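K.L.:
Sequence:
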Amino acid sequence: MHSHLAINCLPELANCKIVYVFRDPKDVLTSFWHFIQKSRPTELPFISLPEAFDQFTKGYSPFGPFWDHVMGYYKASLEFPKKVCFLKYEELKKDPIFNAKKLAEFLEQPFSLEEESEGIVERITELCSFEKLSNLE
1 MHSHLAINCL
11 PELANCKIVY
21 VFRDPKDVLT
31 SFWHFIQKSR
41 PTELPFISLP
51 EAFDQFTKGY
61 SPFGPFWDHV
71 MGYYKASLEF
81 PKKVCFLKYE
91 ELKKDPIFNA
101 KKLAEFLEQP
111 FSLEEESEGI
121 VERITELCSF
131 EKLSNLE
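Residues 1 to 137 (full-length UniProt numbering) make up the sequence shown, in order.
Read the hints as simulated data drawn from the structure, not as lab findings. All values reported here derive from a predicted model rather than from experimental measurement.
Straight-line alpha carbon distances no greater than 25 Å define the calculated PhoX-like cross-link-like pairs of lysine-lysine that follow:
(1) LYS101 with LYS17
(2) LYS102 with LYS75
(3) LYS82 with LYS17
(4) LYS17 with LYS88
(5) LYS88 with LYS132
Could you build the full structure based on these sequences and the hints that come with them?
P.N.:
So, in structure tokens, the structure goes:
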């Protein structure tokens, strides 16, 4: 399941693992602002980036206040580390191989030594790269 819901809004799924990817708030705001500009109906007024920043810092968001959202998942990852994996987007980009291994461990599907020595982890991270996936669209 893919969701932007706050953790307290998710249904109780006893056997479900959650991977939460946290992103730098500046990038979240910028990305969301661009998304809104592209998808807003023409009858709605244009929202400037400073206006969007003001709303963002006041916690006005379809997903709730940014820090409440992030901290909900962060605290859950500390309390239930086998159920919630908290990853930072910038770290995923910086060290995708380490994070692919971390994610595989979390999902209880670790890479074997043979897979690692054959370059499977590197191949998977290459196939899942932003560049590769964005070319599929």
